[in-house]
Each structure stands twice: as C-alpha cells, then as structure tokens.
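Student: Letter by letter, the chains look like this.
Protein chains: 2
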Amino acid sequence: MDNIKALTFRNDELKLTDLKKPEPNNNEVLIEVSLAGICNTDLEIMSGMLGFTGIPGHEFVGKVVDDPRNKLSGKRVVGEVNIPCYNCERCRRRHFRHCLNIKALGMRGRDGAFAEYLTLPRENIHLVPETVSDREAVFVEPIAAAVEIAEQYHLKPSEEIAILGDGKLGLIIARTLKALGYSVLVIGRHESKLARLKSLKIPGYLERNLPKNIQDIPVVVEVTGSSSGLERALQLVRPEGKVIFKTTIARKIEVNLSILAIDEIQLLGSRCGPFPPALNLLKDNNFYLEELITDCYPLEKGPEALEKARDKVNLKVLLQP
Amino acid sequence: MDNIKALTFRNDELKLTDLKKPEPNNNEVLIEVSLAGICNTDLEIMSGMLGFTGIPGHEFVGKVVDDPRNKLSGKRVVGEVNIPCYNCERCRRRHFRHCLNIKALGMRGRDGAFAEYLTLPRENIHLVPETVSDREAVFVEPIAAAVEIAEQYHLKPSEEIAILGDGKLGLIIARTLKALGYSVLVIGRHESKLARLKSLKIPGYLERNLPKNIQDIPVVVEVTGSSSGLERALQLVRPEGKVIFKTTIARKIEVNLSILAIDEIQLLGSRCGPFPPALNLLKDNNFYLEELITDCYPLEKGPEALEKARDKVNLKVLLQP
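Chains as they are written, first to last, in my numbering: chain A, 253 to 573; chain B, 253 to 573.
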C-alpha cells in the first residue's frame with residue numbers, strides 16, 4: 253500500500269522501480285504527480301553527463317495529497333526546481349538561486365517527477381489557476397525559464413528578438429516572449445517544428461532559406477543545444493547586441509570569440525526562472541501548447557518515452573503516472 | 253623635402269621606408285607624431301593576422317602642423333582610431349562605431365602612427381591638456397579602452413573588480429578603474445609586472461599564490477590575451493556576475509560554456525573607448541605611467557622595438573619618430 257512506482261536512473265539504466273512512498277517533513281508537501289514532461293536536461297542525465305542517480309524529472313503538475321500544515325491539501329500545483337540550503341555563504345548573502353549546496357528536483361541530490369509521488373518544500377509550490385489545464389501547466393517550468401530572459405536583462409520593445417533553435421525550448425521561448433509583448437522570430441532546421449508557430453503568427457525561417465535582411469539582429473536567443481549554435485548567433489547579432497545563452501552542453505566547444513570583443517557583443521547566460529509570472533502569462537494567453545505535445549506515455553513505458561523524446565523530429569513527450 | 257620616414261608592413265615584413273608626406277583633405281589635419289606606443293594588436297598585425305598592409309600604429313601623441321581650417325594648427329593632440337564612412341546602413345542608424353566600412357588608424361584601410369606624420373579627420377582629434385606630458389598622453393588610447401568598460405556596463409561601486417592579466421592593457425585598466433573610483437585587484441603571472449601596482453596601492457596577486465578568498469568575484473576583466481583566460485575568468489566570477497572580455501585572439505578557442513548558462517554569467521565584449529573622459533582622468537590623477545614604459549626607440553629601430561614589445565616580460569615600448 254505504501255509503495256509507489258517510479259522511474260529510477262542508476263548504473264546508466266532507467267528502470268521502473270517500486271519504492272517506498274516519500275514522506276514530507278514539516279516544511280514539505282507530498283504531491284501526486286498528474287503529468288511530467290521530458291526535457292533535454294533529462295536526456296543529458298540519461299547519458300550520464302550530470303552524474304545524477306535517482307528519479308529524474310523536473311517538469312510536472314500534480315495534486316497535493318499531504319500537507320503537514322494542511323493548507324495546500326487537495327490543491328492542483330506546480331513546483332519550482334531548486335532547493336537552496338539556506339546555510340552556505342551564498343545563501344547568507346541571500347543569493348539562494350546559486351546556493352553552493354543547491355539541490356534540484358530530478359537533477360541534483362533530490363528525487364524528481366518521473367514517479368507517482370514526490371515531495372517538495374512548501375515555498376517551492378505554486379497553485380495552478382483553474383482555467384489552466386494540466387497539459388498546459390506541465391509547461392510552467394520551461395515557460396518560467398523563458399520569462400527569466402526578460403527578468404534578467406533589459407529587452408527593449410523596439411528591438412526584434414531572434415530565437416535560434418526550433419526545439420521544445422525554442423518554441424516555448426518564442427511563445428513566452430511574444431506573450432510578453434516582444435517582436436520575435438524563430439530560425440530553425442525543421443519545417444515541421446517551425447509550422448508550430450503559425451497559430452501565434454510568429455515568423456519562422458529555415459536556416460537554409462534565411463532571407464538576407466535577417467541580420468544585424470538586436471537580440472538573439474541561442475537555444476540550439478548544439479556546439480555550433482553560438483558561432484551562428486554571433487554572426488546574426490548586431491554590434492553591441494545581446495546573445496542570450498540558454499544552451500547547456502556538458503562539453504567544450506570550439507569558438508572564435510574575438511568578434512565578441514570587436515563588436516562589443518553581450519553574451520548573457522540564462523537558466524531557470526520565476527513561476528508566478530509564467531503562470532500569469534499562461535492564464536492570460538493562448539500558448540497553443542497542444543501543438544508542442546508529441547505524445548504521452550504511461551510511466552511503465554518510460555524508456556520508450558525517452559527514446560521518443562530523443563528523436564529530434566519530436567517535441568514534448570509527457571509521462572502520465 | 254616632402255618625403256617622410258615611416259615603418260611599413262608589407263609581405264610579412266616591417267621596413268623603414270621613405271614615403272610622400274600625406275596631405276590632409278579639407279576635413280582632416282596633418283599631425284607630426286611625437287611619440288607612438290606599441291600595442292598587442294600591432295604585434296598581431298606583424299603576425300599577419302589582421303590582413304593589414306601599410307603603416308601600423310594607433311597609439312600616438314603629436315602636434316598639428318597643418319589644418320586647412322587653421323583652428324588646430326600648433327596644438328598638441330591625440331586622435332581617436334576609428335573612421336566611419338557616414339554612409340552605410342549602420343552609419344545611417346547613427347551606429348558609427350560599428351560602421352560596415354570602418355577604417356581604423358594603422359589597423360584597417362588607413363596608414364597609422366609609426367611614421368613622422370599622419371592625417372586624421374578633424375572630429376577624431378582631441379587637445380592634450382598642458383599638464384599631461386607626451387609620455388602620458390601616448391597612453392590615452394588604451395586608457396579610453398579601459399574607460400569604455402564603465403561606459404558600456406553598469407559597474408557598481410560596491411562590487412570588487414578583478415583584472416585577470418598583468419600585461420600592458422591589464423595594468424592600464426587597473427589604473428583607470430581605480431581612478432574611476434572602483435575597488436580593483438589584479439591577478440597575473442609576473443611578479444615584476446604586478447610590482448607596478450604598488451604606487452597606486454592596487455593589490456596584485458600571482459595566479460599560483462592566489463588566496464582562497466579571491467573567488468565569487470562580482471566583475472572579472474579578462475585581458476590575458478591567452479586562449480585559457482576565459483575559462484579561468486568563468487571560474488573566478490560569481491554566479492550572475494560579469495566577465496568583461498577584452499581579449500581579441502584571431503583564432504578559435506576551446507571552452508566549456510555551460511557554466512555561463514548555469515551560473516547566469518554575463519560575458520561582455522569591450523573594445524575602444526571615448527577619449528574625453530580618458531584625458532580628464534589623466535589630467536586629474538597620477539597614473540604612474542612611467543612605470544609602464546619599458547623602452548623608447550627611434551623609428552629607425554622599429555623592428556627591434558617590436559621584438560622588445562613581443563617579449564612578455566616587457567611592458568610598453570614607445571617609438572619616437
């Protein structure tokens with residue numbers, strides 16, 4: 253009765269396992285996972301690149317089934333990924349997001365969402381508005397990562413933003429920056445993915461057919477996930493322009509950066525973002541997120557689902573515990 | 253009578269040549285060069301990396317000997333390096349500094365300062381205050397490049413700035429940011445160069461003896477000129493910190509940039525800067541620039557002077573036409 257099903261990654265293998273149901277401590281809540289999304293970081297974890305063992309998965313929507321303080325029980329929620337220690341030197345400087353001992357749901361030192369149940373600290377939890385469906389709410393984490401760009405850096409309404417990369421995150425960033433009122437375009441390699449921009453009237457261009465006037469771009473978001481993406485972004489951006497860097501590849505890349513100094517380009521790293529504005533945007537805008545869902549698998553078919561997610565022609569693959 | 257001596261770089265060789273004295277057009281002035289400085293970019297030119305042929309040299313102080321409009325004749329001056337076309341698409345957007353057809357004194361399409369005389373457009377010229385000596389004024393160009401950092405980016409008085417690299421430009425940036433009121437330190441590899449910080453009470457640290465508390469630095473200026481400098485800067489800077497990128501190496505470097513996204517670091521390109529604030533700083537502060545001058549050669553000994561400048565134990569080498 254107190255066992256749960258979960259996908260566990262250990263010894264380079266992802267397996268369906270029976271585990272003891274986690275118990276929330278006094279600062280945590282227990283969540284029954286309704287849906288979880290597979291992100292490229294999960295695929296990197298499966299390749300052993302981040303050294304994580306345990307239950308992966310950090311994009312989810314679920315229902316609070318046990319809150320020791322009782323306030324959240326029964327609520328439909330999403331949860332932020334990072335769990336600071338509140339104790340290290342950086343936390344003492346209130347730099348919680350970059351805690352030296354940070355744990356991250358399904359990524360670092362903390363079991364994640366590819367399971368029937370998970371626990372999270374209460375302060376990580378956000379309520380999902382009624383009008384936002386589970387199949388939308390499961391995208392809150394990557395939408396927050398897109399919001400983070402505008403949270404960190406001053407983007408001017410007058411400046412066009414080119415998103416370089418038509419993968420899952422690229423298409424989500426396009427939707428999010430558009431919802432934030434910016435003028436965006438996407439440059440990609442897959443006609444079928446760029447087609448998912450039409451409902452939102454966002455222009456999408458195939459890299460091999462790029463019109464000549466797409467150059468000297470004020471802001472380029474590098475989200476190709478490939479090692480050649482940065483050099484391409486540096487070609488596309490205008491002098492004194494911004495390249496927002498979302499690609500995390502756990503290996504060295506070869507790049508000529510002299511153009512960065514000569515053209516005084518700003519290369520700006522960007523990672524996870526705040527959930528509340530992401531939820532607000534999702535409540536107030538149609539993100540056409542159904543267009544980004546390739547498939548939904550039961551937890552039992554986890555390895556198959558990850559195979560599907562790994563194929564670059566596909567977009568978001570969900571798991572339903 | 254109308255011939256001048258100049259160092260000319262052609263076919264991978266720097267030679268003393270006799271050339272026709274340049275004649276200023278109506279928008280230009282003719283300057284008799286008093287002193288010229290050798291910069292690392294000049295050394296790159298000598299390696300053929302920038303594809304420049306002609307008279308190198310872009311750091312100078314001199315005297316106007318012919319001004320067709322007569323206003324500047326007899327004045328002691330320095331001159332900005334970049335000459336925009338005022339005609340291309342970027343110039344039409346008033347983005348002169350990044351003109352598509354830009355010419356640059358001694359670097360691109362325009363003869364430079366390793367000569368008895370040079371011409372420059374009148375708008376590039378700035379008067380040297382009386383109290384600033386020639387041996388100080390010859391440093392205005394690199395001081396302006398240091399000022400540019402604060403011109404481009406918001407540096408907070410509360411945030412310590414570490415300068416990574418104890419070469420000529422590193423030591424000049426340290427002096428300039430100190431004169432601008434910032435708290436700076438320098439990390440280098442040469443005890444003899446770091447010693448040139450003592451007069452200004454700027455702390456200098458040998459890379460191999462770096463105290464453990466020199467970490468999580470808010471702002472790191474990468475001015476090593478080496479291909480490993482960037483990775484080191486990314487280790488030293490704190491999350492959400494700034495790395496100012498001054499190194500221009502005309503080749504690819506291998507670097508793991510995932511830390512840039514994960515730690516949300518800003519990598520900020522920086523190049524030439526404005527002369528007026530540089531001249532003001534020089535007028536109001538003792539930069540102890542004599543400490544940075546290794547030697548001064550007559551123009552005839554140009555090749556020898558460049559050899560001296562190439563040796564990493566040396567600092568600024570001057571040419572006196």
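In case anyone wonders, no lab produced these hints; they're calculated from the structure.
All values derive from a computational prediction rather than experimental measurement.
Honestly, I wouldn't trust all of these hints.
Pairs involving identical chains hold if they fit within one copy or between any two copies, as the list cannot separate such chains.
[As the list claims (entries may be wrong)] With a Cα cut of at most 35 Å, we get these calculated DSBU-like pairs of lysine-lysine:
1. Lys-564 to Lys-504
2. Lys-323 to Lys-464
3. Lys-315 to Lys-408
4. Lys-560 to Lys-315
5. Lys-464 to Lys-355
Student: Look at each hint and say if it fits the structure.
Tutor: We went through each hint and held it up to the structure:
Within a single copy, Lys-564 and Lys-504 get their C-alpha atoms as close as 22 Å, and across copies as close as 28 Å, so both meet the 35 Å cut-off. In the homo-oligomer, the alpha carbons of Lys-323 and Lys-464 never lie at most 35 Å apart, since the shortest distance is 57 Å inside one protomer and 45 Å across protomers. For the homomeric pair Lys-315 and Lys-408, neither the shortest alpha-carbon distance inside one copy (38 Å) nor that between copies (44 Å) is at most 35 Å. In the homo-oligomer, the alpha carbons of Lys-560 and Lys-315 lie at most 35 Å apart inside one protomer (27 Å), although the nearest pairing across protomers, at 72 Å, exceeds that limit.
Only between protomers do Lys-464 and Lys-355 lie at most 35 Å apart by alpha-carbon distance; the minimum there is 24 Å, versus 45 Å within a single protomer.
When held up to the earlier numbered hints, the structure conflicts with 2, 3 and fits the remainder.
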